[in-house]
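Colleague: Residue numbers (the working numbering), protein chains in the order written: chain V, 1 to 299; chain R, 300 to 598; chain U, 599 to 897; chain G, 898 to 1196; chain H, 1197 to 1495; chain A, 1496 to 1794.
Don't take each hint at face value.
Computed list of lysine-lysine pairs in DSSO-like fashion (alpha-carbon distance at most 30 Å, straight line) [claimed, not checked]:
#: 1; chain 1: H; residue 1: 1460; chain 2: G; residue 2: 1183
#: 2; chain 1: U; residue 1: 609; chain 2: R; residue 2: 403
#: 3; chain 1: H; residue 1: 1423; chain 2: G; residue 2: 1161
#: 4; chain 1: A; residue 1: 1506; chain 2: H; residue 2: 1318
#: 5; chain 1: A; residue 1: 1514; chain 2: U; residue 2: 704
#: 6; chain 1: R; residue 1: 323; chain 2: G; residue 2: 1001
#: 7; chain 1: R; residue 1: 309; chain 2: H; residue 2: 1215
#: 8; chain 1: R; residue 1: 318; chain 2: H; residue 2: 1318
#: 9; chain 1: G; residue 1: 907; chain 2: A; residue 2: 1599
#: 10; chain 1: U; residue 1: 837; chain 2: R; residue 2: 421
#: 11; chain 1: A; residue 1: 1514; chain 2: G; residue 2: 1124
#: 12; chain 1: G; residue 1: 935; chain 2: H; residue 2: 1220
#: 13; chain 1: V; residue 1: 122; chain 2: U; residue 2: 736
#: 14; chain 1: V; residue 1: 10; chain 2: U; residue 2: 704
#: 15; chain 1: U; residue 1: 825; chain 2: R; residue 2: 585
#: 16; chain 1: G; residue 1: 908; chain 2: A; residue 2: 1617
#: 17; chain 1: U; residue 1: 884; chain 2: V; residue 2: 239
#: 18; chain 1: U; residue 1: 622; chain 2: G; residue 2: 908
#: 19; chain 1: U; residue 1: 608; chain 2: G; residue 2: 916
#: 20; chain 1: G; residue 1: 916; chain 2: U; residue 2: 609
#: 21; chain 1: A; residue 1: 1601; chain 2: V; residue 2: 10
#: 22; chain 1: R; residue 1: 538; chain 2: R; residue 2: 403
#: 23; chain 1: A; residue 1: 1617; chain 2: H; residue 2: 1334
#: 24; chain 1: H; residue 1: 1300; chain 2: V; residue 2: 104
#: 25; chain 1: U; residue 1: 862; chain 2: R; residue 2: 585
Away from chain A, derived, C-beta distances all over 12 Å, residues of chain U [stated by the list, open to error]:
#: 26; residue: 657
#: 27; residue: 687
#: 28; residue: 737
#: 29; residue: 847
What follows is a list of derived Cβ distance ranges for each label pair [to be verified]:
#: 30; chain 1: H; residue 1: 1361; chain 2: V; residue 2: 15; range: 30 to 36 Å
#: 31; chain 1: R; residue 1: 315; chain 2: U; residue 2: 659; range: 58 to 64 Å
#: 32; chain 1: V; residue 1: 10; chain 2: G; residue 2: 931; range: 45 to 51 Å
No wet-lab data here; the hints were simulated from the structure.
All C-beta atoms in this analysis are idealised placements derived from N, C-alpha and C, irrespective of residue type, glycine included.
Number of protein chains: 6
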Amino acid sequence: MNNELLNTIKKLSQSEGYKDVCHKQGKNDPMPSIDVLKEIVQLSRSILFPGYFGDAGVNNNTMLYHIGVNIDRLHLLLSQQIKAGMCFNSSSDESTACNEIDNKSKDIATAFVTQLPDIREKLHTDVIAAYNGDPAAKSFGEVIFCYPSIRAISNYRIAHALLQLDVPLIPRIITEMAHSETGIDIHPGATIGSYFTIDHGTGVVIGETAIIGTNVKMYQGVTLGAKSFPLDADGNPIKGISRHPRIGDNVIIYSNSTILGTIKVGDGAVIGGNLWIDTDVPAGAKLAQKKIDKSFGDK
Amino acid sequence: MNNELLNTIKKLSQSEGYKDVCHKQGKNDPMPSIDVLKEIVQLSRSILFPGYFGDAGVNNNTMLYHIGVNIDRLHLLLSQQIKAGMCFNSSSDESTACNEIDNKSKDIATAFVTQLPDIREKLHTDVIAAYNGDPAAKSFGEVIFCYPSIRAISNYRIAHALLQLDVPLIPRIITEMAHSETGIDIHPGATIGSYFTIDHGTGVVIGETAIIGTNVKMYQGVTLGAKSFPLDADGNPIKGISRHPRIGDNVIIYSNSTILGTIKVGDGAVIGGNLWIDTDVPAGAKLAQKKIDKSFGDK
Amino acid sequence: MNNELLNTIKKLSQSEGYKDVCHKQGKNDPMPSIDVLKEIVQLSRSILFPGYFGDAGVNNNTMLYHIGVNIDRLHLLLSQQIKAGMCFNSSSDESTACNEIDNKSKDIATAFVTQLPDIREKLHTDVIAAYNGDPAAKSFGEVIFCYPSIRAISNYRIAHALLQLDVPLIPRIITEMAHSETGIDIHPGATIGSYFTIDHGTGVVIGETAIIGTNVKMYQGVTLGAKSFPLDADGNPIKGISRHPRIGDNVIIYSNSTILGTIKVGDGAVIGGNLWIDTDVPAGAKLAQKKIDKSFGDK
Amino acid sequence: MNNELLNTIKKLSQSEGYKDVCHKQGKNDPMPSIDVLKEIVQLSRSILFPGYFGDAGVNNNTMLYHIGVNIDRLHLLLSQQIKAGMCFNSSSDESTACNEIDNKSKDIATAFVTQLPDIREKLHTDVIAAYNGDPAAKSFGEVIFCYPSIRAISNYRIAHALLQLDVPLIPRIITEMAHSETGIDIHPGATIGSYFTIDHGTGVVIGETAIIGTNVKMYQGVTLGAKSFPLDADGNPIKGISRHPRIGDNVIIYSNSTILGTIKVGDGAVIGGNLWIDTDVPAGAKLAQKKIDKSFGDK
Amino acid sequence: MNNELLNTIKKLSQSEGYKDVCHKQGKNDPMPSIDVLKEIVQLSRSILFPGYFGDAGVNNNTMLYHIGVNIDRLHLLLSQQIKAGMCFNSSSDESTACNEIDNKSKDIATAFVTQLPDIREKLHTDVIAAYNGDPAAKSFGEVIFCYPSIRAISNYRIAHALLQLDVPLIPRIITEMAHSETGIDIHPGATIGSYFTIDHGTGVVIGETAIIGTNVKMYQGVTLGAKSFPLDADGNPIKGISRHPRIGDNVIIYSNSTILGTIKVGDGAVIGGNLWIDTDVPAGAKLAQKKIDKSFGDK
Amino acid sequence: MNNELLNTIKKLSQSEGYKDVCHKQGKNDPMPSIDVLKEIVQLSRSILFPGYFGDAGVNNNTMLYHIGVNIDRLHLLLSQQIKAGMCFNSSSDESTACNEIDNKSKDIATAFVTQLPDIREKLHTDVIAAYNGDPAAKSFGEVIFCYPSIRAISNYRIAHALLQLDVPLIPRIITEMAHSETGIDIHPGATIGSYFTIDHGTGVVIGETAIIGTNVKMYQGVTLGAKSFPLDADGNPIKGISRHPRIGDNVIIYSNSTILGTIKVGDGAVIGGNLWIDTDVPAGAKLAQKKIDKSFGDK
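Let the sequences and hints guide you as you build the complete structure.
Modeller: Okay, structure coming up:
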């Protein structure tokens, strides 16, 4: 190890250099763990779609045992990760409040677990919607087992329930895991009705304050985004205010269209592909890109 | 474990609740395994691009041994996964037909293996096309070793061969693996000629009944999709009928364009980016988005 | 193993069949390793964002030890991978030049390590830009720990530094790793200023010769691509010449827009979504897709 | 790869050379798996000593679920391994009898599982004996969690139950796993009463036809071996006939003593260390090595 | 799953059946972890014998960093395991005393770490003794890197230091790990001087209250055991009283000899192999097994 | 991290403290790797006992491919480990002699591989001896697959061949791996004839210069050791001179006997258990421990 390396080590170890990019954790605050969150998602899938994920041999006789053990472990791991999320930004001395945080994170994990039956019911409607909306889908089983949209929507519905229980950070990590796996980026803050389906899905973005009705179908590359956002006195964006579209029931949005701002898309609207929409769309409207005028000239 | 958790376990274990989202597998039907399918793809790559994947030290003296062992293992694993795919949707009693399914899945695996020389030849043309089509490509080796399009097209060509042998489910999982890795979603049912290349690739969608000629080049975000699809008497989509474009030879399609329906794009056509095409395109045509009229006004 | 399999093995082992798709490596030239490169990226992240990646308990007392050990291992692994990259395309007899390559790859690794303080500083500006540009961002910590753009830009800045040190192949693999993880495809050859941020990011493509100023913000699906490229006398693209846009300072480019060719986008320009731009854009210009004329007719 | 290696490959591949040391398995007969047998032992320990092995958080509320899932998986894995054991030596065509073997191995696995409550009860007595017999033992928990004798005796009691159900090969592998881990070699054929304990244990050997009463204690290095064994007409040992000692109740055998042949050691006997015993020992006898006559001369 | 299995699950889940063999842990008390303890031993070896274990490339320039990081992690992991050990037998409500236990376990871990320089010095003398005592030893390096006695004595010296700091359970697990690996069973309570060596070692047992002087050498199979031990009023052994031999300085004990009870073996004594010693041995004595009288008769 | 820890780090990092227990390796000299040596042993077993180890489905059709690939990989890994062994003690500057060492280690690996057919033949005789010598052995297959003696003898025969090719360190590590797994400690320097078998085996020690004839059988705990060894002028043992017994053909040695020094045990001798032998034993002699005189008095 030569002097250049030794000097670089010194330089990188000076606190003025790293103070803004270093996480100020005490040793007993475990960071949220991507690996444990993956196991949490796997456990949830095993509970929500038994036989497809987890033990394939589960049946009417043994369902109770498997659900019992999976809930037991899910609750344990989730409590830990919720605690890790709560400590992540916390500036206070964690050890004074240790028991309090422990109990609060367990209570939240319990509250989440009690919502699993409802989440399962909603995901069932999403499976139906995916099957009905895709002629290439051969069976419900194929949709559950290998459609990326089901994975992305499952992660979203789990993350959304956690966010509503005021869990910090963890919901976002869970949807980013699906984003990386599927290219579908649904913010856990979005509100999405039943029978939701996304075909292919790569490049879909659904923003934090978007609201989506029942029986909505989207294709790849669709964005429900913010058009612009107000800045505060310091020129920084004001966090947490509504800035995304509200989509009605029974809407279809074709591939690569961008819908921006706090506009409203009415029930039953059909939005063609590759469009840029930043004004309200009435119910029942059918929008398409202007026809190309067939001027097959030189590019 | 408190009463809330115990009650949730009970609720989740009631068969009326899970019957529609639970896989009805007997214990001896292994589910298709993503991990084994990954090994199958790795083995195939080792055979198709020796030295780049698998043992880097393979040479003329040892090629026979390596190919022999890889084929031996590929055949074994593929037979098992084909069987798992065949059992996936099957409602019949698996044990009665055990030997029959075993033999059939082995025969299919054999038939697949015998096509590997042809698949290798076709992938060779895809490598040439990628190299010739990208000024950033420094060598054939770089293309083979790190271009996502080669991975997506390899998986497609493998999956397509399996689908033509009537293997259920497995081909779709193999292309979804590439979809997750590369953002390129090619349905195994599509028909794609030689010298095919996709640059960058994220967001590309090629539908189940699309047909693509020789020497076609696409950029990221291109969709060959279905415009709409007929419903049956119950309002469900009719499965399996033609609904995607037919692309001729020597066609180039630029980024983020969407080509929809059973239209025909003629030989040598050049389709610009960000277009929405749902009518036939004649041979040799060059389409571009309407020029923006430089009205640099407020957005 | 039946005759069909045995014959296929023979066919696949004939050198005329595999000669063009087989890597001609000697046994002592290890191939670049994706797994080691992943560890290299992890080590770099531990150094650049201590506490977020690597050991979460690192603090002012122990920073020196952790940086020291991480630099030590990073230098070792990077030297090996640089050597592997240099051997990848080399046709010469590797053993004659063994020591020379060893020393050269170590020197390059040292040169890279000495740039880490600068890279850390630049990434700090990117974190600030991401936080300021996204109302959904709750803290710097959340941005560092789970925003895909930070991962993609980190990999790019690492890869770019390596490429400028003339390291072959490895930089491209590092950016392709981020491409697979995030859907953001930044060529290591691109030149990108400070305070750079990409929101959501899936489908973004930034080409080899693109130049991006300071404080530029992009959304998902944006392409900075080549419009066309000159061919040499043999009809093959001429490698390495400039063919991508030059983006000024303080530019915003909205989702799914495509900017092509060696054009210039002036400082402060705002480019709306879903646009296809292939001519210069003046400073301060605000471009938007032509309004749809609200002809809500049939699609 | 030079000629010497190529020639060696040829030589090693000639069937006359390997025919006697090669296992004649068809591809569908999986070999017994050490890794799966380790999981079987782990599962059994989780059931027999809940909380110490497997999930540490198991409690009265969740015991049913954990036992249920562990039994479910134990039965599945054990059925497979029993089948693998039955196929190991079989010379017949395995595929004809596939279903028959499947069902038989499942029935045996079931019969084994139903014996687990009895095995648990017996192991409980062994724990008591170890605790009472070792002043260094601090608690039952310490004995269960870290005494090698408990591991060796657990494996023996599991293996013995399997052997009595006529399972081939698998029982021997299970006791050899304990042999490797603890240095205690108990043949699964031995018959051992309750309240059995071995202190330290390294080097203990208990032969196939040994019979041990209740409340017997042994120290390290004790052998219950065969003195000699009759040969058949061809000069080969006759398999399966009784050739090991029968030890009564409440016997103690000190370290490194060797007890050989079909002799009987009566109830309550105490056998000192480093002895070689090949004749009956009456009940209540106390044997010791002849005193050294303190002739402290040169060695 | 048939009725037999279901009934067995019920039977095994009844609390009266498992209450004596089940660990009564609350969920937040992690059990001591064999895997973490293995890492602790690895870290200790990296600190005690740098370059042989852990990073092989450590040198004068980088030693500080490596020692720093290894101590940091060792302290963290050891604190956790000490806490787990303290909770193992504890019957009190763990959560009330959580902070107190946390701090105590960290203090003990610190106290242990400060002893590492002394432990390293002592182990250095053991390496010298092993090298000098074995003509087959080729170098100090060979002794450190592959002699089982060094591993067993390292674990013992670590465990002994922990036991003297009143750490429960963990020391015993650490020596049992060496017992399983090497066949050498040294109780952490034993007191052993410098320059200690064991040749081959399998079967060696050194009891809880044994005391061994300086420069003692043992061979395989040697026992320093308890002859008998007093029972309390209930017939149970009284725990913790002295019951093993005290060995002087410069003693050699040959293979398979057994030395029992609170006897004293004087300085410089040489004890031959296969002996059973239960009375004091004077300083300088040389004991040997009685010569066999060459009566080469029938066995 | 408090001052006590920081001070300990400093103390441990001072070079005068660690200089004698630190391995002086340059970074490019990889240490011998236990994990790679385990793979080498696994590969060797796959070649020596095909079907039992490695791919279970190997058959006459595919043997050539499997042997070819296994030899190819064995040669590669072994060359590296031989090189690592040669560098281990080397004090010279490794880089000057890099190519020379590389070539030498490859040549030695080749020489080893060419001996595998002979090693296989010898191990075949050991399997026969184990089967014939143990009435509990049910088949050759059981002996090969789960008898610890076969594993220990395999490792010995491999290590012995390497030692005869002057490979340093590696042979000793290979036999120590078997020592740890089986409790059987055979020095690679020993010379052992065909048809060798060890029953149970724990505690067996066979010294560096022992010579064993054909068809010898041993039981657990047998030592072939050194009685004493001459010291040089400095009081250190003289390395490498003969100091272990020479055992003739057809000898049986029963459990826990110790045979010491350069004595000779004649052909056909039978040595009973728990004996201490340090003088020659004539051919055909049958030795037994002196009968206990049945004085069943108090211990």
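Colleague: Could you run down the list of hints and mark each one as holding or not?
Modeller: Evaluation of the provided hints:
no. : hint                      : result
1   : H:1460 x G:1183           : holds, 24 Å
2   : U:609 x R:403             : holds, 24 Å
3   : H:1423 x G:1161           : holds, 25 Å
4   : A:1506 x H:1318           : holds, 15 Å
5   : A:1514 x U:704            : holds, 27 Å
6   : R:323 x G:1001            : holds, 24 Å
7   : R:309 x H:1215            : holds, 25 Å
8   : R:318 x H:1318            : violated, 66 Å
9   : G:907 x A:1599            : holds, 24 Å
10  : U:837 x R:421             : holds, 25 Å
11  : A:1514 x G:1124           : violated, 54 Å
12  : G:935 x H:1220            : holds, 25 Å
13  : V:122 x U:736             : holds, 29 Å
14  : V:10 x U:704              : holds, 20 Å
15  : U:825 x R:585             : holds, 14 Å
16  : G:908 x A:1617            : holds, 15 Å
17  : U:884 x V:239             : holds, 25 Å
18  : U:622 x G:908             : holds, 28 Å
19  : U:608 x G:916             : holds, 25 Å
20  : G:916 x U:609             : holds, 29 Å
21  : A:1601 x V:10             : violated, 42 Å
22  : R:538 x R:403             : holds, 26 Å
23  : A:1617 x H:1334           : holds, 29 Å
24  : H:1300 x V:104            : holds, 26 Å
25  : U:862 x R:585             : holds, 25 Å
26  : 657                       : violated, 7 Å
27  : 687                       : holds, 22 Å
28  : 737                       : holds, 26 Å
29  : 847                       : holds, 44 Å
30  : H:1361 x V:15: 30 to 36 Å : holds, 34 Å
31  : R:315 x U:659: 58 to 64 Å : holds, 59 Å
32  : V:10 x G:931: 45 to 51 Å  : holds, 50 Å
Comparing the model with each numbered hint stated earlier shows that hints 8, 11, 21, 26 do not hold.
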